[in-house]
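What follows is each chain in one-letter form.
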Amino acid sequence: MSELLVVEDLTVTFPTSRGPVDVVKDVSFAVGRNETVGIVGESGSGKSMTSLAVMGLLPPGATTRGSIRLDGAELLGRPDREMRRVRGEQASMIFQDPLSSLNPYYTVGLQIEEMYRAHRRCSRKEARAVVVEALTQVGIPEPERRAGYYPHQFSGGQRQRVMIAMALVCSPALLIADEPTTALDVTVQAQILGLLAGLQRETGTGMVFVTHDLAVISSIATRVLVMCRGEQVEYGDAEQVFAAPRHDYTRMLLESIPRIDDEVVL
Amino acid sequence: MSDVLLRVRDLTKRFTTRGPYRRKNEFTAVDGVSFDVRLGETLAVVGESGCGKSTSARIVAKLMEPTSGTLEFDGEDITHAAGARLARYRAKVQVVFQDPFSSLNPRHTVERILMAPLDYQGIAPKGGRRAHTRELMERVGLDPDHAHRYPAQFSGGQAQRIGIARALAVNPKLVICDEAVSALDVSVQAQIIELLRRLQRESGFSYIFIAHDLAVVRQLAQRVAVMNKGRIVEQGPCEEVFRAPGDPYTKTLLAAIPRINPAWDRRRRAAR
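So the sequences go chain by chain: A and B.
Each residue of the first sequence is one higher than the last, beginning at 1 in the UniProt record's numbering.
Each residue of the second sequence is one higher than the last, beginning at 1 in the UniProt record's numbering.
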């Protein structure tokens, strides 16, 4: 498989009053086209920092070592001006809380249009047609009308659909989804997971799915990276990680999940 | 039945909001809800956001007045209890909230937090405040030497243990857990679930466990009430409801729960 994203020995360091702290230590993984790789871990494991590093969105002060190659081109060390071209065009990201990622003062149509026009030369009219198509693709009903709505006029699940439409409007090769369904109800989560899987089949986008929820990962990822305290605990095929975990931490995580189908002695 | 601790009948809560041009909008958050909580049992109330589960819990905790309906606790009608009667009720019914850091006063030490329910009741603990604090902390698995620390000095799981210890301070008969383990990492969540189960075994109080996560509910509750749009669509023993859901909404909810590939799970367990 030709890999789309290759991360090698990534280390992210933050300066603190007690000296530098590695929040991500020597993490390596790869994502193929049309593939979903899951990054799982508990809070503070470094999973979000890893995905932010790929996007070049680390907070100021953070330093990185190692290598992140997208389509063969090194991303680490690129100036922000160039990373801005990469973001949206080649790699996009969606977050846990779409309401805080969207601007409450602008209609969603305008925000998606802005994203598209930042990367493509086209008239506003052409861009608007793209917006309506993007909203249709993510299953927003009456897309022409809803493009004129503000973020607060959508439900949580629909807002996440809007974010997905915005992230995919320039057909990036890579989508990073950081806990995109964590804030959603289970039935809505199931719809969004279904939508992402469907879009991936259509477009062949490579996906990094960051979550604390192992059950969600098991339903969508082909490869899994387990992180704990910034370190890569385990990395392998989903089947291997779930059926025959090599590390005690992975096993502990898997045993901790409450299971709906289990016999329980109360 | 004589073993019923709490009897809730036809509970309804309507909210009025004002829309554009001062147009009145009525919203029924809880719509004719009835359930019983028996002595020593755990009743789970589950549903998705906006289904009315937390509003129901707040009414039972007497943090909110219902629009109509009745609450009967230990045979006494407490729907409109106030003053001394309300204080007596609060000595028997305690709440554990979702976010320990916003429900614990950041400027108070653990000892002051744990003694607050007793201070409200005007009770002096037997053996003194220090000894009672130490005992409570030990019961929930906290180091009693940390009684003079502040909430911020604890991890999320430890802070939730403080919240649980506070609920136990007055020796309640009913503990309402409103999404008490939802904000925790899975490994910590498993520990808190185990703690809640152990405390119930030791003290024999009842729980109303409000949650959106059915798998968590499965670990804790004997009976479950499923809510949707303000109504209870189905209630019964967990075994029955989860194994053979009768209501279409319950079926949808159960089907939507992400599961680890069962074949992988079996192989991993067999290898142990």
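Calculated from the structure, these hints are not laboratory results.
Note that CB positions come from ideal geometry on N, CA and C, so glycine has one too.
Be aware that one or more of the hints could be misleading.
[Stated by the list, open to error] Facing chain A, a subset of chain B residues (Cβ under 10 Å, in silico):
#1 Leu71
#2 His148
#3 Leu195
[Stated by the list, open to error] Just so you have them, the derived chain A footprint on chain B, three or more residues with Cβ under 8 Å:
#4 5–12
#5 174–187
#6 249–262
Quiz item: Which of the numbered hints are not met once you compare them with the structure shown?
Solution: Violated hints: 1, 2, 3, 4; rest satisfied.
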